[in-house]
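Residues per chain, in single letters:
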Amino acid sequence: MWGLTCREDERDTEDALGETFDATAIEAPVSGQFTFPNPPLGLQPKGFVNAHFGPDSSAKSLQFRKGTTTLAFVYEPLTEKDVGGIIVAVDSRASAGEYISSKSVMKILDVSEHMVATMAGGAADCQFWCRTVNKYCNLFELRERSTITVSAASKYFANVLYGYKGQGLSVVCSVGSGSLNAYGILDTYYKPKMSDEEAMSLGRRAIMHATYRDAGSGGVCNLVHITPTKKIRYPGVDVSKLWYEFADEIGRDIAYNPRDD
Amino acid sequence: MSIMSYTGGTVLAMAGDDCVCIASDLRLGEQMNTVAVDQKKVHKMSDKVYVGLCGFHSDAKTVLDKIMFRKNLYELRENRSIKPKVLATIISNLAYQHRFGSFFTEPLVAGLDPVSHKPYICAMDTIGNICTPEDFVAIGTGAEYLLGVSESFWRKGMNSEELFEATAQSMLSALERDAASGWGAVVYTITKNNVNIRTIKARMD
Amino acid sequence: MAAVDSFQNGVLQCEIEPNGFDFSNCTRNCALARMGAAPPRLNSTGTTIVAVTYKDGVVMGADSRATAGNIIADKHCEKVHYITDSIYACGAGTAADLDQVTKMLSSSLRLLELNTGRKARVITALRIAKQHLFNYMGYIGAYLLIGGVDPTGPYLYDVSANGVTMARPFAAQGSGSYAAITVLEKDFKIGMTEEEASNLVQVALHAGMHGDNASGNSLNLVVITPEKTIFRGPIVPDFCNKPEPIESDYKFKTGSTTVLKKKEIKFDIVESMDMH
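Line by line, the protein sequences give chains D, H and V. Under full-length UniProt numbering, residues 1 to 261 are what the first sequence spells out, in order. Under full-length UniProt numbering, residues 1 to 205 are what the second sequence spells out, in order. Under full-length UniProt numbering, residues 1 to 276 are what the third sequence spells out, in order.
Calculated directly from the structure, the hints in this document are not laboratory data. Glycine included, every Cβ here is placed at the ideal spot set by N, Cα and C. Be aware that a few hints might be false.
Listed next, the in silico DSS-like pairs over lysine-lysine satisfying Cα-Cα at most 27 Å (straight line) [claimed, not checked]:
id	chain 1	residue 1	chain 2	residue 2
1	V	LYS251	H	LYS156
2	H	LYS192	V	LYS251
3	H	LYS71	V	LYS263
4	D	LYS165	D	LYS81
Coverage of chain H stretches by chain V, computed from C-beta distances (three or more under 8 Å per stretch; other residues unrestricted) [claimed, not checked]:
id	segment
5	2-8
6	98-112
7	157-170
8	191-201
One chain only, chain D, in its complex shape (with noise of 0.2 Å):
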């Protein structure tokens, strides 16, 4: 298994201050500590997953929670009311193979004070490392009295990943099936500096436009606004609505005309 476990000999070095230095705040991702059981009758872990819980699988619903819209973006503020920060917005829906197995999943998962990620792919997987990220992440912060930068969070989740390459793990961070269509609507309307009321309805609205498109994404549009100072979470929108709305406001008519054949 791969680590970056520090060499032994290189523990416990002294620094000029004369403090003694902890070695092991740096070494920290150990992704060796947590083992997955592997499958018998030394089967591989990737092709066993697929088998039994991939898009082949005999059993439908035992087929992995896949499919989502989610996205990301930064601005500044427009003008002095306006605080600027992260606009987060993700779609709600679960689905395994057709069968939507969820409508209300909460895909913004908290990874620290100040930071969030959003889950694509099997739902269990990132739910589960997302909660390692936490730790970790609570872990640093205690330990070096400091606030964890985003990258230094993303290195050391694409660390511990990387460690299970090759088993079968299904984690995507940001983005997901329908986020082709969402990145046009972002291409077409986005603009560095915005107020946070025309950011917040970009962000439900290229997530709408994804669950239009995209059968794998659907139910309510969650959104979380980070802002220099807090993390504010807004309740969900149905996208369904939106939609509606959308189609009332550049007055299209969009529903079905009965034809006589």
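Could you slot chains H and V onto chain D? The hints should help.
This is chains H and V only, laid out in the frame that chain D set:
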């Protein structure tokens, strides 16, 4: 992956008191991607006989043409409008002709007998095994959800308005849980005097 | 028919006069199967079928459940198929195959009866069935019990999909046959009365329907005597009824569904004397 759920789609038919309802979703997809939202799977065969074709959309279109051809030839030969039961037999024979290389489509027939106005509903598997229950039939990707919910919503002797509500609500419930169908639905209510075609409001995700 | 004649050598020939099976989709379907696409699920009559001969006739019976995987596709499917007035066939296997094979049997025997002016014999039905099934090397998944009475006596035959046939005093077929055959083995006697025989068939069917998940819902019986044929069914055994009746039913008020658009096709009611 199954070809039967490649393009998605669901059709439900319910029988009432001298009336039948047939509902179809409007989605056409390519696996998880939605391509069109105006594709009904219900087609008119004669005044009071409709056929629903689910499964692989391309095969459904081919089979629809073949059904049309045979139905038109029948009406020309016999000089009378087709009965739903006769149409079902024609489709069943067509499907069974392809027993060892079947079309990936499940047909459904719903309608009123042109003379006695007796309701008739039936569904088939891909090789033409006809099921003719007295209450309701469902085909397509959402059929399993429909069979469950319709078992509760269907009652004996519903009039055309009650039947419409039961059919529409069953369909909407199934669409909540089937990702491969939805994006609007259309319900045909066939009675002795008229056919009501209604587009109902459904979730658009 | 002039228009049809011009088609005779054309591509539409097979559409107008279908002649046997059409294999035109096979190459495509095999290619799809190689790509890993799952084949569509066919209805099968996961079944209990039972038949018993008695003193001067035959009693045959079947449950009425058709399944597609774990789904009950049809709760009241007719598995006791009419062949002639005094020959019936019970079927297990692929539902579409059974429908078509028994339809073919009954039409060819009816033609035979009209051509010869005599009642068809059970052995003839058996021979037509086995020759058809043997031709297709078991690919037509029809497992039949053919029974009936003809001027030479009561007969019961067991036909399997690959064309093997057996004459039997009593027989059971289908997924529920293991349970049903034990009842027959225990209680069958040579020379039973009609009542004894039909009771035995019912008890055997009950055993099959109770023990096998793919059988159930209700049962159909046919009693064939030299004089008459009596069809009884559907009979719903106690254990097949819903545990308790539903107290409240779902009634939707008119207007509970939002209708976005509406179109009406009205018919002029013409009182027609033409009875078709």
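Against the structure, the hints:
The suggested pairing of V:LYS251 with H:LYS156 holds, with an alpha-carbon distance near 12 Å, which does not exceed 27 Å. In summary, the hint linking H:LYS192 to V:LYS251 is supported, as the alpha carbons are separated by about 23 Å, within the 27 Å threshold. With a C-alpha separation of about 25 Å, the suggested pair H:LYS71 and V:LYS263 falls inside the 27 Å cut-off, and the hint holds. Between D:LYS165 and D:LYS81 the alpha-carbon distance is near 46 Å, which puts this suggested pair outside the 27 Å criterion.
Residues of the segment 2-8 of chain H lying with their CB closer than 8 Å to a CB of chain V number 3, which satisfies the three-residue condition for coverage. With 8 residues having a beta carbon nearer than 8 Å to a beta carbon of chain V, the segment 98-112 of chain H meets the requirement of three or more and the stated coverage holds. Coverage of the segment 157-170 of chain H by chain V holds in this model, with 7 residues showing a Cβ closer than 8 Å to a Cβ of that chain against a need of three. Here's how the segment 191-201 of chain H fares: 10 of its residues keep a CB closer than 8 Å to some CB of chain V, so the rule of at least three is met and the hint holds.
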